[in-house]
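Residue numbers (the working numbering), protein chains in the order written: chain A, 1 to 285; chain B, 1001 to 1285.
Please note: incorrect hints may appear among the correct ones.
[As the list claims (entries may be wrong)] Where chain A lies over chain B, by a calculated footprint (3+ residues, C-beta under 8 Å):
1. 1006 to 1012
2. 1025 to 1032
3. 1138 to 1145
If you are wondering where the hints come from, they were derived from the structure by calculation, not from laboratory data.
Using N, Cα and C, we set each Cβ at its ideal position, and we do this for glycine too.
Number of protein chains: 2
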Amino acid sequence: MPVAEASVSPLDWAFTRSDVVYDVVHVFENGFFRLVDHLDRFEASMRARRLAPPETREEMAAILHRCVALAGLRDSYVAMVALRGRPRIAGSRRIEDCDNHFMAYAVPWIDVIPKDVQARGAHLWVASRPRVPDASVDPTVKNYQWSDLTSGLFEAQDHGADSAIVCDEAGFVTEGPGFNVFVVKDGDVRTPDRGSLHGITRRTVLELCGAMSLKASVAPIHRDDLEGADEVFLATTAGGVMPASRVNGTIYGNDRPGPISLRIKEAYWQMHRDGLHRTEVIRDM
Amino acid sequence: MPVAEASVSPLDWAFTRSDVVYDVVHVFENGFFRLVDHLDRFEASMRARRLAPPETREEMAAILHRCVALAGLRDSYVAMVALRGRPRIAGSRRIEDCDNHFMAYAVPWIDVIPKDVQARGAHLWVASRPRVPDASVDPTVKNYQWSDLTSGLFEAQDHGADSAIVCDEAGFVTEGPGFNVFVVKDGDVRTPDRGSLHGITRRTVLELCGAMSLKASVAPIHRDDLEGADEVFLATTAGGVMPASRVNGTIYGNDRPGPISLRIKEAYWQMHRDGLHRTEVIRDM
């Protein structure tokens, strides 16, 4: 059905308890990018939250192909969602009485940061409200519980910034609303070791750095380190590698995307054009 | 429309970001209980999350009356929900571009703890995963982001308990999935001062304690205090005052609901029968 007609019941615990996990894979010129990795992560998220829709992994993958085919899109953002559902037994409040279900849809390409903003470099704001700790909600289980990220967006909006960087209680950078954060300093690339999704784009960036002989690490980044960085960029499925040009009052590299960020961004899209990690969309299923 | 036909778009940020607040008021024998207080809290939640559906407070109240009337219920659980919506401008990722909207429904009475379990006293499990801190997500803003509470339910289920008590990182009791917690010790009633919703039933219990000359306070309760308590009970709109009889290995009062818990429960329902805080449902709007 058209996505505009798709619906979630307001009584589904996926809504009333945000008891739901999801993943998003993108399609570039008729090919999924790292579909296997997204399905792996989606399965891990479902296991972590004890969600078990009836479809097998292979059936889910076939549904994703079919969504893209039916939507008629060559470039797309494809979501897979596992929902808790409602109890089979009327009135039950027991999780184990719920029928879990699977939902998927393909929509036109979405950039977390609009393309014109990417071109000048995103302006980011470091949020004052701390990220939910990993001990309370595992950030590697991809979820819709964005309250802390949305609070960061409120602050960013109030300061005229495009998006937010959220830190933990101790002041260490975690991630932003829908993206991982990277900093570049003296030619070395670093991304936080805590409070953040293990992004597939993040992984791709780390691999690309290896191939480009850039030293890259997953390590603590304090908010105070942002001011002294040479470059900052963001990584996400919904947009790829997106350079920033400002964080709060700090202006990087003449207020433009930095050279290493741009090299990684170019390499990321070259990888797509080279057909690496590509799964051709099957259109006649 | 019938609630089974109601739908939330899977693209609504109320779903994909759990960017939504809600409240729930109950109807007892054709009368809302503390409707004004629920509307006050709902308005405060909306303000805190910058949600502004087009309906006025009076229009929202009229919709709640109409939902109950159309559902033909004398006893009901009535939800009001403010959703972020989707951006007016295609592709926008800006919160301020979203059209917020309001949703309401009336369903038959729901007990968070089933009535047979209430009769023997709920068996509770103290969750090991800590509650999301107040600094990250304000628990007084009624929200659907239940991941930590759901994790507590998983643990409760694994240990054969009916529901969970969730503590903060420092080990202080906060609340459970859908209810506030109270302990009774040497005749004094106490409920946590942190990490929890300011429940309307909680407030009612505190007021009733005053009227019954029971000393009641909002104060820290450490998880270690639970073992030495004389009684434990829960408070929520969806069930009222619900005594517990066990917390982990501790069995209270001969494995039955305690006498003070039962007195407060009886006073709570007597208040309903006496028509206090009552707003008659208008059925011909």
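Hints and how they fare:
Figure legend: the segment 1006 to 1012 of chain B, annotated as covered by chain A; annotation consistent (6 residues with Cβ-Cβ distances under 8 Å, at least 3 required). Counting residues of the segment 1025 to 1032 of chain B whose CB lies closer than 8 Å to any CB of chain A gives 0, which falls below the minimum of 3, so the coverage claim is violated. Given a C-beta distance limit of less than 8 Å, the hint that chain A covers the segment 1138 to 1145 of chain B holds, as 3 residues qualify and 3 suffice.
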